[in-house]
Amino acid sequence: MKYSLVLLTLLSVGSFAAGVPVQKMQSTQTIATPTETTINVVCPHQGTKAKEVVAKKAPQHRESAVLAEDKPLLISVVGQGVAPVNTTSPAQAYALAKRAAVADAYRLIAEKVKGVRVDGQDLIKNMMVKRSTVRTSVDAMVRNANVVETTFKEGLCEVEMEIKLSHSQFAQ
Amino acid sequence: MRSRDGNKTFSLSVCSIILFHSLALCADEYLISYRYLVRDAQLYKETLSISHAMQKCTGVSTNSLILQTNNNKNLKQIISLKNEKFIAYVHKLGLNVKHREKTSNFQNTSTTILTLKTTCFKVDFNDNFAKITALKTAE
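Quick mapping for you: the protein sequence lines, in order, are chains A and B. Sequential numbering of the first sequence, starting at 50, is according to our numbering. Sequential numbering of the second sequence, starting at 3, is according to our numbering.
Excised from the complex, chain B in its bound form (with noise of 0.2 angstroms):
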């Protein structure tokens, strides 16, 4: 027959090892969409669009991107301070080119646009800085 204190120390690691495994594995995950609109060589639409991912993403982590934000959990925050250095992130992750370009009785017209598609970013705050990782999943 058990001890009720051996009990007690069994169930309280049990608890420990949940709480350290949810603390440590469950980064928080981020669905982010990027898009800008380029007419007549001019800065028409700028869109970024940062949302918690609802459900569990799947995908292998790719090369990531650390941010500083001296204790600040928000991603929408940190990211719009370091604005230039996460726009130039995307850009090396890639984005969709679509162009159109008309002549009509030689006037030109051109629209340029460039697009993140939703992608899914694994997000590790630490206490002065966060990591944000894109999960590349299989196409």
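Next comes chain A alone, as it looks inside the complex (with noise of 0.2 angstroms):
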């Protein structure tokens, strides 16, 4: 009966010692499990990683702001205007392309600061373009630009026209 006894406390203690890396087992399982968890959690990691690369993307996007509130900005455009055939005078001439450059200059600032509208228009009949019409317009107010030169040559009038943009214009 104390042999019995015996055996049985030694088998449940060898049963225990046996036990005991089973246990150690599993809970290196349930480590296992937190690692691969880690992995999973990664992606919140890419997450923050990608909020890291929009918040450095952003004051890029600040740098690259076209219109910095302590630098203003010059725009230089070349208008050209043709004088009329029939005109009395050569001054004359040069007077009236003048007035079509500088129309032309204004354009262009305009089309570089507002903006151009473009609306295209293509008539296919029978597999073959028949028409094929580009329209552009602007819109535009012009205040303060400047004549920085005026060349005539051949009754070609070319005239060279800037205006400086500050951000206080645009801060409303």
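Because the hints were derived from the structure by calculation, they are not lab data. Please note that the accuracy of each hint is not assured.
Residues on chain A that point at chain B, a partial pick, calculated with CB under 7 angstroms [what the hints assert, rightly or not]: (1) 145; (2) 155; (3) 191.
Bear in mind that the values here come from a model prediction, so they are computed numbers and not experimental data. Backbone N, C-alpha and C fix where the C-beta goes; we use that ideal spot for every residue, glycine too.
Now that you have both chains on their own, put them together as the hints suggest.
Printed below as a string of structure tokens:
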């Protein structure tokens, strides 16, 4: 009876001793699962990285703003105009060509600052382009533009015009 | 009781004050509009309209232009004599740009219209020069 009891205790101790590594294995498995979760955690980590990227991009976007607060923008254009054929004198031809060139320069400034509306239309009949039309339009108000240089050569007048834009002009 | 001489001087002083103020304050006001059309890079039409303002203008004085007059009080004549200077001044004030361009089957036509909308100008005539000031209204 005593021996049987001793045997039982030895067996239980043995089984206990054998069970400890099993538990350890289980614990390692549980540790392993967190490692797997850490892999899953990588996604949010990547997400944070993405946020960082976005956060980095935002100041870059600010840096690439066209009109900085402290730095005025100088826009320079060259407008072209032609003198009419039936002019009475070269002076008249020059004056008229210059007007046309100034208008062209104003248009170019308006295009650069405000933008152009473009409409296109293609007419296709029997698999052939019959008519292709592109219409562009600009509507703007231009103030404080300065003529820098005027040249007149062989009936063509070129006017270099510039305008200075500052951030305060657009601040509302 | 007032004396007759006292009343006379009083009425004279009132009249002189009214006359002085009417001369000093009521500078001539003109309505001016300018428009020119450029078609296919050639000046097509130019219009400068000048007329007396029929009623008092309201607005804040902006930058001004001084033109030589040689005792001439006719603004149209003064401006026509110094046309280039006045047009440059108008450009400085600001012009509305309206541009239309059409390219059909690789043939291009364009029209550009520059307009100064009807603006009130205060004109002070002096002996040898006229001071033209644009009155800017609040938009």
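Next on the checklist: Take the shortest C-beta to C-beta distance between residue 145 of chain A and chain B; is it under 7 angstroms?
Outcome noted: holds (5 angstroms)
task: Let me know if the C-beta of residue 191 of chain A comes in closer than 7 angstroms to any C-beta of chain B, holds or violated.
output: holds (6 angstroms)
| query | Is the hint on residue 155 of chain A kept, meaning its closest Cβ partner in chain B is under 7 angstroms away? | reply | This hint holds: residue 155 of chain A lies near chain B, its Cβ roughly 5 angstroms from the closest one there, short of 7 angstroms.
Hint violations for this structure: none, all hints satisfied.
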